[in-house]
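Protein chains: 2
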Amino acid sequence: MNPLKGACIIGQSGGPTAVINASALGAIQSALQSEQVTRVLGAANGIEGVLKERLFDMAREDPGELELLKYTPASALGSCRYKMAAPSVDDTDYRRLLEIFRKYDVRYFFYNGGNDSMDTCNKISKFMQQSGYECRVIGIPKTIDNDLHGTDHCPGFGSAAKFIATSCMEVHQDLRVYDKGRVTIVEIMGRHAGWLAGSAALATYAGAGPDLVYLPEVPFRMEEFWQDVDRIYRQNGSCMVAVSEGVQYADGRFVAESGDRDVFGHTQLGGLGAMLAESVKRQTGAKVRSIELSLLQRCASHVASKTDIDEAYMAGKAAVEAAVSGQTDKMVAFERITENGIYSCKTKLIGLEEVANVEKLVPREWINARGNGVEQPFIDYVLPLIQGETAMQKECSLPRFAKLRKVPAKPEQR
Amino acid sequence: MNPLKGACIIGQSGGPTAVINASALGAIQSALQSEQVTRVLGAANGIEGVLKERLFDMAREDPGELELLKYTPASALGSCRYKMAAPSVDDTDYRRLLEIFRKYDVRYFFYNGGNDSMDTCNKISKFMQQSGYECRVIGIPKTIDNDLHGTDHCPGFGSAAKFIATSCMEVHQDLRVYDKGRVTIVEIMGRHAGWLAGSAALATYAGAGPDLVYLPEVPFRMEEFWQDVDRIYRQNGSCMVAVSEGVQYADGRFVAESGDRDVFGHTQLGGLGAMLAESVKRQTGAKVRSIELSLLQRCASHVASKTDIDEAYMAGKAAVEAAVSGQTDKMVAFERITENGIYSCKTKLIGLEEVANVEKLVPREWINARGNGVEQPFIDYVLPLIQGETAMQKECSLPRFAKLRKVPAKPEQR
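Keeping their order, the protein sequence lines are chains V and A.
Numbering-wise (the UniProt record's numbering), the first sequence opens with residue 1 and increments by one.
Numbering-wise (the UniProt record's numbering), the second sequence opens with residue 1 and increments by one.
Among the clues, some could well be false.
Which copy is meant is left open, because identical chains are indistinguishable; a pair holds if it fits in one copy or across any two.
[Said to hold, decoys possible] With a straight-line Cα cutoff of 20 Å, these simulated SDA-like cross-link-like pairs (lysine to any residue) come out:
(1) K5 <-> C396
(2) K306 <-> C396
(3) K406 <-> E335
(4) K360 <-> Y82
(5) K306 <-> T390
(6) K406 <-> G207
(7) K83 <-> K306
(8) K306 <-> K394
(9) K306 <-> I100
(10) K394 <-> Y343
Keep in mind the hints are simulated off the structure, nothing from the lab.
Small disclaimer: the values here were computed from a predicted structure and weren't measured.
Put together the whole structure using the sequences plus the hints.
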């Protein structure tokens with residue numbers, strides 16, 4: 001084994017989650033303790049910060065503040081949506097990265113993100129190898145969408161699922177207070193995969209929640225949707241619908257972007273939920289309300305899952321441990337172990353190439369035949385991931401989030 | 001003192017809150033223990049349920065399930081928005097109520113609601129008195145809007161304020177993750193009073209939250225709004241706005257319903273937040289997102305304030321104690337006591353006539369001169385009301401709400 005010594009960079013990428021900072025903390029603390037890692041650098045806004053040489057010296061942070069990262073939502077270091085070109089097309093960014101890596105003697109690169117970020121990791125690693133610069137690159141998974149390939153689930157998903165299920169339960173209580181009910185449509189994130197929308201069904205499983213759940217994995221049929229809503233509304237006096245923002249017609253058009261929107265004169269405003277609400281109102285005459293859970297889904301750390309927080313931390317830690325032990329070009333992934341009905345989770349490594357740009361969808365057999373609900377295997381899959389409560393620190397009964405100093409790092413003195 | 005014996009009815013009215021059931025529980029448990037109260041009846045859907053003779057026998061409920069009401073949002077007995085005519089115009093409903101009251105020997109009537117409900121209470125009490133039917137009527141305050149006159153604050157407000165402040169803090173974390181920021185507009189409930197919108201400023205006080213807060217108490221000036229947003233966006237690279245759904249122009253038109261909406265072609269969909277977002281986008285060119293906290297504000301019991309829960313319970317209990325001790329035609333109100341900076345709260349009674357149909361607004365001097373933020377006295381007022389965490393029971397890490405049997409009550413056998 002090569003006892004490679006040098007600095008590490010930790011970067012965060014893509015849309016934030018309630019626990020991406022827990023992964024960063026796992027990596028930062030593990031790296032600070034490692035004898036092989038000489039300096040721990042945080043990248044401002046992911047790869048963009050590296051390109052701009054905006055690096056923070058994480059050893060200069062107050063350890064107590066760092067600890068709070070475990071319960072601080074969003075990306076404390078800053079995130080980006082920067083997509084690097086293929087090096088064969090334009091290698092400017094890669095050469096710049098190599099320059100920075102050399103300048104700071106960076107031998108470890110940890111990148112926390114989704115599909116695109118794993119692709120970025122992979123390209124960077126390949127370029128460094130071709131340039132003869134030794135650097136180990138490990139990806140840390142992250143996405144509320146839970147659509148990363150090769151891992152049982154993704155850090156961030158469990159907490160988002162818990163917020164969605166909890167909110168759907170609470171909204172359901174609210175819906176049935178009047179004698180005359182209404183149709184309520186809850187719009188949930190997830191552009192291609194229905195993991196989040198399906199999680200709304202946990203509310204129904206746990207007591208009372210949506211009557212109908214629509215995932216992007218099954219082609220959306222507007223007529224059937226109207227029929228289902230109308231039937232349940234007539235039967236129960238109310239109807240609650242959870243729908244993924246990503247539902248599509250059989251021809252692949254997003255319902256949210258389809259021509260149907262124009263029919264009702266709203267091309268600019270209101271999301272899918274508002275559009276479906278309007279169409280139900282016109283079709284059935286029912287009173288309809290739509291609710292968009294919006295950003296709250298990915299940042300509601302006050303109701304985060306302890307399991308998710310702990311696993312996110314574990315993923316960051318595992319990334320550093322893998323790298324210092326000689327691994328590179330891998331992503332940390334989760335393996336689910338169920339023994340005597342008890343869930344546990346351990347980390348494994350999979351090749352970055354394997355995971356980059358592949359989307360994991362909800363298996364069709366976990367969705368009911370009519371495509372308006374999920375089956376028990378889906379519930380069994382999600383339920384362990386939302387378990388346990390956060391230990392978020394509060395001041396005056398409001399969240400006390402980490403306040404980082406973000407001291408700019410100086411180049412390596414050699 | 002008249003040891004009046006008889007049944008009591010407990011009803012819930014108007015929009016639900018996270019703690020209205022805590023008030024119901026306080027009243028139910030207190031009434032079940034009272035020697036003067038012979039039966040405890042819950043009205044299905046408030047006064048509507050009384051008129052339809054839909055009454056539940058609360059003694060038949062499982063005591064453990066009743067206890068869960070303390071942490072169950074919305075109106076467990078059901079609510080209504082029924083407005084009774086003045087008895088001088090049409091006394092049909094009142095005569096029907098008298099008939100039901102006689103049939104079930106109802107001598108105590110407890111009604112949990114807002115302005116309108118106190119008006120209802122008052123009319124019912126006056127009618128019973130004129131009919132020579134002895135019945136004591138006590139109102140229990142309730143509204144997330146906090147706009148009831150004669151009480152320091154209202155049960156339900158503290159929990160809604162806490163959800164709003166917590167969510168604004170979390171959203172603010174999310175907003176600043178990218179290098180390029182955006183304008184984010186959070187739309188908050190409150191048709192006439194700005195207590196809820198102002199509570200978003202708790203987030204800013206506690207760490208980081210909205211840069212601008214708009215309440216309905218100050219006439220909204222669109223040009224100034226654009227200027228303020230633009231200035232902060234240019235200065236900080238992002239801007240977070242909290243705005244009450246009830247903001248109005250100087251001439252009294254709601255901004256949400258004003259002609260400005262049509263200019264942008266969206267008369268049907270999207271609330272105020274979406275409309276303002278669109279206008280900011282056109283005026284400043286900034287990237288803008290709007291978030292509507294929607295129903296979550298009034299039902300997010302998982303983040304309810306312990307202070308609010310306890311006070312709501314106390315209000316229900318105080319109502320029963322007042323009635324059995326001979327009081328009638330009163331509403332339970334809160335008196336704030338601050339000693340050595342320590343907040344406490346006790347109940348008092350005020351005349352129903354005093355409170356009915358009067359709205360309590362945020363004092364102008366608690367809002368800053370430009371009308372885009374609140375002053376310290378507002379923060380000092382709200383902060384004690386959001387303190388402490390709920391003891392909500394969970395199953396599988398999801399809320400376990402009360403499941404009532406709702407056994408129909410039989411008329412009094414005499």
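Results of checking the hints against the structure:
For the homomeric pair K5 and C396, neither the shortest alpha-carbon distance inside one copy (44 Å) nor that between copies (45 Å) is at most 20 Å. Taking identical chains as interchangeable, the C-alpha atoms of K306 and C396 lie at most 20 Å apart only when they sit on different chains, with a minimum of 12 Å there against 22 Å within one chain. Proximity of K406 and E335 under a CA criterion of 20 Å is satisfied in neither setting, with 34 Å inside one chain copy and 46 Å between copies. Proximity of K360 to Y82 under the C-alpha cut-off of 20 Å is found in neither arrangement, the shortest distances being 22 Å within a copy and 50 Å between copies.
Taking identical chains as interchangeable, the C-alpha atoms of K306 and T390 lie at most 20 Å apart whether they share a chain (5 Å) or sit on different chains (18 Å). With identical chains, the CA atoms of K406 and G207 are at most 20 Å apart between copies only, with a shortest distance of 17 Å across copies and 45 Å within one. For the identical chains of this complex, K83 and K306 are neighbours neither inside a copy (32 Å) nor across copies (46 Å), given an alpha-carbon limit of 20 Å. Within a single copy, K306 and K394 get their C-alpha atoms as close as 16 Å, and across copies as close as 14 Å, so both meet the 20 Å cut-off.
Taking the shortest Cα distances, K306 and I100 never come within 20 Å of each other, neither inside one copy (37 Å) nor across copies (52 Å). When the C-alpha separation of K394 and Y343 is checked against a cutoff of 20 Å, the pair qualifies only between copies, where the shortest distance is 19 Å, while the shortest distance within a copy is 30 Å.
Going down the numbered hints, you'll see the structure goes against 1, 3, 4, 7 and 9, while the others check out.
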